[in-house]
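These protein sequence lines map, in sequence, to chains A and B.
Counting from 337, one number per residue, gives the positions in the first sequence under my numbering.
Counting from 12, one number per residue, gives the positions in the second sequence under my numbering.
Do not rely on the hints blindly, as some may be mistaken.
What the hints assert, rightly or not - Here are the simulated BS3-like pairs of lysine-lysine, each with C-alpha atoms no more than 30 Å apart in a straight line:
{"#": "1", "chain 1": "A", "residue 1": "Lys391", "chain 2": "A", "residue 2": "Lys356"}
{"#": "2", "chain 1": "A", "residue 1": "Lys378", "chain 2": "B", "residue 2": "Lys79"}
{"#": "3", "chain 1": "A", "residue 1": "Lys356", "chain 2": "A", "residue 2": "Lys378"}
{"#": "4", "chain 1": "A", "residue 1": "Lys402", "chain 2": "B", "residue 2": "Lys79"}
{"#": "5", "chain 1": "B", "residue 1": "Lys33", "chain 2": "B", "residue 2": "Lys53"}
{"#": "6", "chain 1": "A", "residue 1": "Lys400", "chain 2": "B", "residue 2": "Lys116"}
{"#": "7", "chain 1": "A", "residue 1": "Lys377", "chain 2": "B", "residue 2": "Lys68"}
{"#": "8", "chain 1": "A", "residue 1": "Lys377", "chain 2": "B", "residue 2": "Lys48"}
{"#": "9", "chain 1": "A", "residue 1": "Lys402", "chain 2": "A", "residue 2": "Lys350"}
{"#": "10", "chain 1": "A", "residue 1": "Lys400", "chain 2": "B", "residue 2": "Lys53"}
{"#": "11", "chain 1": "B", "residue 1": "Lys68", "chain 2": "A", "residue 2": "Lys402"}
{"#": "12", "chain 1": "A", "residue 1": "Lys378", "chain 2": "B", "residue 2": "Lys53"}
{"#": "13", "chain 1": "B", "residue 1": "Lys116", "chain 2": "A", "residue 2": "Lys356"}
{"#": "14", "chain 1": "B", "residue 1": "Lys33", "chain 2": "A", "residue 2": "Lys402"}
{"#": "15", "chain 1": "A", "residue 1": "Lys400", "chain 2": "B", "residue 2": "Lys33"}
{"#": "16", "chain 1": "A", "residue 1": "Lys391", "chain 2": "B", "residue 2": "Lys68"}
{"#": "17", "chain 1": "B", "residue 1": "Lys116", "chain 2": "A", "residue 2": "Lys402"}
{"#": "18", "chain 1": "A", "residue 1": "Lys391", "chain 2": "B", "residue 2": "Lys116"}
{"#": "19", "chain 1": "B", "residue 1": "Lys53", "chain 2": "A", "residue 2": "Lys356"}
{"#": "20", "chain 1": "B", "residue 1": "Lys33", "chain 2": "B", "residue 2": "Lys116"}
{"#": "21", "chain 1": "A", "residue 1": "Lys378", "chain 2": "B", "residue 2": "Lys48"}
{"#": "22", "chain 1": "B", "residue 1": "Lys53", "chain 2": "A", "residue 2": "Lys350"}
{"#": "23", "chain 1": "A", "residue 1": "Lys377", "chain 2": "B", "residue 2": "Lys53"}
{"#": "24", "chain 1": "B", "residue 1": "Lys68", "chain 2": "A", "residue 2": "Lys378"}
{"#": "25", "chain 1": "A", "residue 1": "Lys377", "chain 2": "B", "residue 2": "Lys82"}
{"#": "26", "chain 1": "B", "residue 1": "Lys48", "chain 2": "B", "residue 2": "Lys33"}
{"#": "27", "chain 1": "A", "residue 1": "Lys356", "chain 2": "B", "residue 2": "Lys48"}
{"#": "28", "chain 1": "B", "residue 1": "Lys33", "chain 2": "B", "residue 2": "Lys79"}
{"#": "29", "chain 1": "B", "residue 1": "Lys33", "chain 2": "A", "residue 2": "Lys378"}
{"#": "30", "chain 1": "A", "residue 1": "Lys391", "chain 2": "B", "residue 2": "Lys69"}
No lab work stands behind these hints, which were simulated from the structure alone.
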Amino acid sequence: GAVVSQHPSRVICKSGTSVKIECRSLDFQATTMFWYRQFPKKSLMLMATSNEGSKATYEQGVEKDKFLINHASLTLSTLTVTSAHPEDSSFYICSARARGSPLHFGNGTRLTVT
Amino acid sequence: GENVEQHPSTLSVQEGDSAVIKCTYSDSASNYFPWYKQELGKRPQLIIDIRSNVGEKKDQRIAVTLNKTAKHFSLHITETQPEDSAVYFCAATSNQAGTALIFGKGTTLSVSS
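Throw the hints in and build the complete structure from the sequences for me.
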């Protein structure tokens, strides 16, 4: 079945640094991937839609210059949290869908900014 | 855009009882409605889904119903067990390319033995 791999699973970084999170579709091509953010005990909030070969589409309230998304190939999308601050600490989850299949999630990345 | 409302936010039942979680959606173009179970610190797991051309779907102890006219859908868990305790999310989306899943706020289900 379709598998989505996300890396790293956990990362701790200092304020002001940048962190890159990778999302790969392992056995299918994903022209579109989605990035979600989840705060503790909260729902998954859509951050942006990552489109292969073009700019990402960001949801209202999500800073595109802070959360850089690159979808350079049909199997890889990356989310870079730039100049991270403690309030960026959260659980970030990517997802992708093969044609005609349900959405598949990566395992998520727990980001802690100290 | 789509907006999904989910109720209740918390639900406590005794083992063996049934649990029902309800969701409403706003976008009439939505035609795919999955339900996810999420355990602490883990990714959401798809447990059942339904498409708009079907009114009900059942998989062992889990069933989902859809009322397209009223734009609401529900998750039914029968004979609940302690391992059913988790956070459940409903979601909605359409078949349009590049359309994301929009999630409800989640329901924390606690099943006590």
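How the hints compare with the structure:
no. : hint                   : result
1   : A:Lys391 with A:Lys356 : 17 Å, holds
2   : A:Lys378 with B:Lys79  : 27 Å, holds
3   : A:Lys356 with A:Lys378 : 23 Å, holds
4   : A:Lys402 with B:Lys79  : 39 Å, violated
5   : B:Lys33 with B:Lys53   : 23 Å, holds
6   : A:Lys400 with B:Lys116 : 24 Å, holds
7   : A:Lys377 with B:Lys68  : 28 Å, holds
8   : A:Lys377 with B:Lys48  : 13 Å, holds
9   : A:Lys402 with A:Lys350 : 16 Å, holds
10  : A:Lys400 with B:Lys53  : 26 Å, holds
11  : B:Lys68 with A:Lys402  : 42 Å, violated
12  : A:Lys378 with B:Lys53  : 13 Å, holds
13  : B:Lys116 with A:Lys356 : 27 Å, holds
14  : B:Lys33 with A:Lys402  : 35 Å, violated
15  : A:Lys400 with B:Lys33  : 34 Å, violated
16  : A:Lys391 with B:Lys68  : 38 Å, violated
17  : B:Lys116 with A:Lys402 : 25 Å, holds
18  : A:Lys391 with B:Lys116 : 28 Å, holds
19  : B:Lys53 with A:Lys356  : 20 Å, holds
20  : B:Lys33 with B:Lys116  : 11 Å, holds
21  : A:Lys378 with B:Lys48  : 13 Å, holds
22  : B:Lys53 with A:Lys350  : 24 Å, holds
23  : A:Lys377 with B:Lys53  : 12 Å, holds
24  : B:Lys68 with A:Lys378  : 27 Å, holds
25  : A:Lys377 with B:Lys82  : 26 Å, holds
26  : B:Lys48 with B:Lys33   : 14 Å, holds
27  : A:Lys356 with B:Lys48  : 27 Å, holds
28  : B:Lys33 with B:Lys79   : 13 Å, holds
29  : B:Lys33 with A:Lys378  : 17 Å, holds
30  : A:Lys391 with B:Lys69  : 40 Å, violated
Hint compliance for this structure: hints 4, 11, 14, 15, 16 and 30 are broken, all remaining hints hold.
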